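Knowing the structure of chain E, use the given hints to seat chains R and C on it.
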Amino acid sequence: MSDQFSLTLPASQAALLSNQLDEIRILETALLTSQEPLPVAELKKLFDGAMNSKQLLTMLDELSNQWQEKGIELVEVASGWRFQSRPEMHVYLEKLNPQKPPRYSRAVLETLAIIAYRQPVTRGDIEEIRGVTVSSAILKTLETRGWIEVVGQRNVPGRPQLYATTSNFLNDLNLQSLDQLPSLDELINQTEHTITDEKII
Amino acid sequence: MSDQFSLTLPASQAALLSNQLDEIRILETALLTSQEPLPVAELKKLFDGAMNSKQLLTMLDELSNQWQEKGIELVEVASGWRFQSRPEMHVYLEKLNPQKPPRYSRAVLETLAIIAYRQPVTRGDIEEIRGVTVSSAILKTLETRGWIEVVGQRNVPGRPQLYATTSNFLNDLNLQSLDQLPSLDELINQTEHTITDEKII
Amino acid sequence: MDELNSLVEAHPIAKICGQPLHEVPHDLYIPPEALEIFLDTFEGPLDLLLYLIRKHNLDILDIPMAELTQQYMAYVEAMRADQLELAAEYLLMTALLIEIKSRMLLPKPIHTPEEEADPRVELVRRLLEYEQMKKAALRLDELPQLERDFMQVQVLINQRVIQQLVQVNLDDLQQAWLTLLQRAKLNTRHHVQFEAISVRSCMSEILRKLKQAGTVSFYDLFSPSAAIGEVIANFLAILELAKELLIEVEQAESFGTIYVRSI
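Note that the protein sequences, when read in sequence, are chains E, R and C.
Using the working numbering, you'd call the opening residue of the first sequence number 1 and step up by one each time.
Using the working numbering, you'd call the opening residue of the second sequence number 202 and step up by one each time.
Using the working numbering, you'd call the opening residue of the third sequence number 403 and step up by one each time.
There's no promise every hint is true.
Looking from chain C toward chain E, a few residues come up when the C-beta cut is under 7 angstroms (computed) [what the hints assert, rightly or not]: (1) K537; (2) A539; (3) M553; (4) V555; (5) Q653; (6) I660.
With a straight-line Cα cutoff of 20 angstroms, these simulated PhoX-like cross-link-like pairs (lysine-lysine) come out [as the list claims (entries may be wrong)]: (7) R:K246 x E:K95; (8) E:K70 x R:K271; (9) E:K44 x R:K296; (10) E:K44 x E:K70.
Quick caveat, the hints were computed from the structure, so don't treat them as lab data.
Since the model is a prediction, treat every value here as computed from it, not as a measurement.
A virtual CB, placed ideally from N, CA and C, is assigned to each residue, including glycine.
Isolated chain E (complex conformation) (with noise of 0.2 angstroms):
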């Protein structure tokens, strides 16, 4: 019955079917050869300007719907749209790749965790929270992975420099804002209550 149907479809509309599949494969191609994720923005320089936000997305989402089924997905991180494997595909990846990227230290782990919740900070704040001194070595492993960055400084003696997380940290975690990191514990209410208490003295 649906053979059928498309079969008897006016010609008009053939080809405008046609000519948006072409479009998706466009698209499809841009995204499968880009190196870093593509902006809608970008995309758009595709057509020529001919597609506008809503057309995009709405191709995007066809796009990503193809895809499905397969061992790659279409994802929109921080910095745009781009493909990448489905993480039950990795015990295959794996395989052609033995040497595992190397896990964080908790001291790395910890430091990125205040910096992504409590940015911008600086690294007085960091080791106020911590309560030991933070290595230099720390902060360069996070900046040379291009997680976090220096985004200005503050304006005490010494101005110290503050740092944020980049965009990269979000797309490298398949992150598309801050507003999605994992939530955080509330702290004990009581505490809060004491140490309004406190404000209160």
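Relative to chain E, chains R and C alone:
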């Protein structure tokens, strides 16, 4: 008709197919995420050696067919299999990364000019006119481009190679013969003018 | 709580006589060889305190300072006795704990305005904030990570089609030549001679022919259809080539065939 057939496939055969579907999916994911072409020997690792080369080649063939209509194609190059964009997609991809046409360095241009006007010349001749050594890289650049070639050797100690321009050079510059190069007399006059001007200054 | 303990205990703290030591012993006895590793397990005094509090089921909002201080100091003392290089932060924390403890022991002044702040408040705030960040770190690490848990697709853009050939136009070439001439003129050591292009181009052409054919008859070097100008240019080219010792012109007998070959 064909629908009916596929519905009545024996269960074992259906399982086989869905299994192969998975394997092609893995193969496709690996090839799409790999930085380098993957040789068959490497691809075998994906299946822990459960596939022989022949089976893999059949799958690669099948995969290649699946991409027939896409802007990307699966190709075999010297070091293995890889996906790459089809030439006809270049016009779109370029919109995202418009490239400025590359230019030759002054050294390359001067060398080319000397060979064009003074051919046949040895490297020594070129060096004498330019007043600096001419690197092999410069000559290589022009040879690779197909614009100059060795037409003989000068009968002096070391028998240095004689370079001349090719017909390719004329074609690429839209010339029918070397006579059509800007004439030397014209140039000399201009030079003298320039030099005179310089002296006045 | 379990989560935190398991974090510490997932990796044995040390191996003693080959047996993995998963827990810090309750009686605070730490085998000397395990001490250093034990210290490494913690990210600092806050981490150690948090561990002690959680491990001994102490109420973080009502910390029994005496017990906690005693335990903490026992560790620090053990470390010091072993002359481990102890991070200053650990000693600083000892001082802080003792200070809090002693402030709690002091009788409250009679004219306390309403309620004096609990000296433990600041410590508790820090402990809780640190614990919060510690958990946040674990959760961040659980997020799928590029290259660790998934890969970016990277299909090659067919470079063969993309490669753009360098364009050179006649102006570029003219400009290059002009520059050279200027330099040559300014530098009297160079004496650049100019000859008609057609002679030069004939020279290349003759060399090309000789390279292919080896020895060629003089007459074969002239195209029958050549215009008179071309014939002259070609003849001049042969003379020039001979002068520059690029070719040899031979004649075996008077009025015999003249052969030209490259040297």
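These are the hints, each one checked on the structure:
no.	hint	verdict
1	K537	6 angstroms, holds
2	A539	4 angstroms, holds
3	M553	5 angstroms, holds
4	V555	4 angstroms, holds
5	Q653	66 angstroms, violated
6	I660	63 angstroms, violated
7	R:K246 x E:K95	6 angstroms, holds
8	E:K70 x R:K271	15 angstroms, holds
9	E:K44 x R:K296	10 angstroms, holds
10	E:K44 x E:K70	26 angstroms, violated
Hints 5, 6, 10, counting from the list given before, are not met by this structure.
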